[in-house]
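Colleague: Could you build the full structure based on these sequences and the hints that come with them?
Protein chains: 2
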Amino acid sequence: MCDVEETEPSGTLRDRLIAAGHLIPLGVRGVYGRSGAMEHVIERFEACVTAAGADQRADVVRLPPIFSRAHYARINHIHNFPDLLGSIHAFTGDERAHRGMSARFMAGEDWTTDLVPAETMLIPAACYPLYPTLTGALPDGGRVVDLRSFVFRHDPSDDPARMQIFRQREYVRLGSAHQAHSHRDAWLERAEGLLAALGLPVERVVANDPFFGRGGRLAKATQREQALKWELVVPVASDDSPTAVASCNLHLDYFGLAFDITAADGAAAHTACVGFGLERVALALFRHHGLDPERWPAEVRDRLEQGAA
Amino acid sequence: MCDVEETEPSGTLRDRLIAAGHLIPLGVRGVYGRSGAMEHVIERFEACVTAAGADQRADVVRLPPIFSRAHYARINHIHNFPDLLGSIHAFTGDERAHRGMSARFMAGEDWTTDLVPAETMLIPAACYPLYPTLTGALPDGGRVVDLRSFVFRHDPSDDPARMQIFRQREYVRLGSAHQAHSHRDAWLERAEGLLAALGLPVERVVANDPFFGRGGRLAKATQREQALKWELVVPVASDDSPTAVASCNLHLDYFGLAFDITAADGAAAHTACVGFGLERVALALFRHHGLDPERWPAEVRDRLEQGAA
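Residue numbers (our numbering), protein chains in the order written: chain A, -1 to 307; chain B, -1 to 307.
Heads up, a few of these hints could be off.
Claimed, not checked - Coverage of chain B stretches by chain A, computed from C-beta distances (three or more under 8 Å per stretch; other residues unrestricted): (1) 75 to 83; (2) 177 to 191.
Unchecked claim - Below, a sample of chain A positions facing chain B; criterion: calculated Cβ distance under 10 Å: (3) LEU82; (4) LEU128; (5) ASP144; (6) GLY213; (7) ALA217.
Claimed, not checked - Residues of chain B clear of chain A, computed beta-carbon distances all greater than 12 Å: (8) ALA95; (9) ASP112; (10) GLY140; (11) GLN224.
Hints were generated in silico from the structure; no laboratory data involved.
Ideal Cβ placement from N, Cα and C applies to all residues, glycine included.
Modeller: This is the structure we're talking about:
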């Protein structure tokens, strides 16, 4: 599968990606610029995803990396993942307040004490900002929405696959419990097939989100017991703990209740999503096929350039 | 020029863009999702820009929407544009601190008092994060870098062309004063030609950045006197005050000095950039050719689909 990289120790991949110019360190752990070649891989992978989802007749929505603080307050992220959040703060003072802030800045003191919480937060997952836009009754048959967004997780790490800011591509299903379940199961098959066709040694595993603290242990166990989250994992920086490059998630009626979205029968809508971690997919391809996409196996290059199967 | 929209009052364009689904309100002024059709327009416009810049043999770098707070502290943004900044704050406390934050959140109090400034800020302009990556001597002949990034400006507004978060596409030149000047002048011509070829009534004007406060008046005047900033403006939301859809900027040796970048002669590098506001270009096209790209004039559609001239 991976003659070049398989025997490299963990950690080296990051150095090699940087040396090859694919990741450009920006002076903060887990924050990188991307090379044009890496972007091209991501664009081509996205075309494959679009082709795989052509039958969904999804509404395409492209979201910016920030969303409403008031909407953030309607989900449980602050309880479950406080260590990952990104809150945006702004300066709304007058010239006098500005002189004070500038003076603290020049003195090397904490200059942020004058800032106030802005109307926005960084997006923790691509589908969060969508739900508040769909409050009300879904059309008959529900909806499928095709999303892409940068998402933020305050998780400084030297693992190149644990970036603080990266893109997710998602297909979100909103409708009945049955529709959500079918979506999740169908995309688990599709996503696994797509990743395998790109020569990646993908495995599916039941997983849990990184709920915070001791209180999070129960949530993790419950999520696993109910098999709400499946991940498709591939070795990237480490052979021992492979990286999730995609996940297929059932949310039950959590978002339907939180944002008053109702299905055809009047009950709270159920939702499900498949999400691809676009940078992680590109890193997995570099890890398994080498750092020069021109030299990747012909069948992988053909598959990427075709988009459709 | 614009039979459909020309006589509409200011403000209506936003409502029409929302009704057509091109802008999806996310509950905060100036923060929107984008339709698939709008994204397609932006992708095709970017292909035109890429074709216009093919001779530049630019290094392609794609930047995430956040960058280093330490790098932010090495430029004068906090002095010049404090009202526009976006500072990212995170929670790094333990479970006890989390209980306190959760309690304040549940009580409807300010729950952000426990947050601390994270290592990052939102990017105010696409080229800022680039310069710290180029500290040292430039190669002979300098460099041209092709950038795209989301940028943030805390400027809540109902003008659809004044978004808080939007994408800039840039070509940045680093080298001698002469090279920077030539780049700026050449791209002013190219960008104007490209926008005019897309049927936009573009004009070039000397401009200034929105320096803060009374102290900013001198900076504005100086920037105009030296003609450091040219904008290409097109009526978008208002006929009376047209919107800058692109700008061509000379930075002199400001970034070279701030980040120790030296040109071939050993002196601080001069830099210049052309930047396109991608959402603004799309909005200008909707404004002047109508809300359905399928019904745009054939020559505009052809030009967009070709990419190259």
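Colleague: Hint by hint, note whether the structure agrees.
Modeller: Here's how the hints hold up against the structure:
For the stretch 75 to 83 of chain B, the stated coverage by chain A holds: 5 residues have a C-beta nearer than 8 Å to a C-beta of that chain, and at least 3 were required. Look at the stretch 177 to 191 of chain B against chain A: 0 of its residues bring a Cβ nearer than 8 Å to a Cβ of that chain, fewer than three, so the hint is violated. Because the closest C-beta pair between A/LEU82 and chain B is about 8 Å apart, less than 10 Å, the hint holds. For the restraint placing A/LEU128 at the interface with chain B, the shortest Cβ-Cβ distance is roughly 8 Å, inside the 10 Å limit, so the hint holds.
A cut of 10 Å between beta carbons decides the hint on A/ASP144: the least distance to chain B is about 7 Å, and the hint holds. Taking 10 Å as the C-beta contact cut-off toward chain B, the hint placing A/GLY213 at the interface holds, the least distance being around 8 Å. With a least beta-carbon distance of about 14 Å to chain B, the hint placing A/ALA217 at the interface is violated under the 10 Å criterion. Annotated as non-interface, B/ALA95 brings its C-beta within 12 Å of a C-beta of chain A; the closest such distance is 9 Å.
Residue placement check: B/ASP112 does not keep its beta carbon more than 12 Å from all beta carbons of chain A (closest about 9 Å). Here B/GLY140 stays apart from chain A, with its beta-carbon at least about 18 Å from theirs, past the 12 Å limit. Annotated as non-interface, B/GLN224 keeps its C-beta farther than 12 Å from every C-beta of chain A; the closest such distance is 24 Å.
Figure legend: structure checked against the earlier numbered hints; hints not met, in rising order: 2, 7, 8 and 9.
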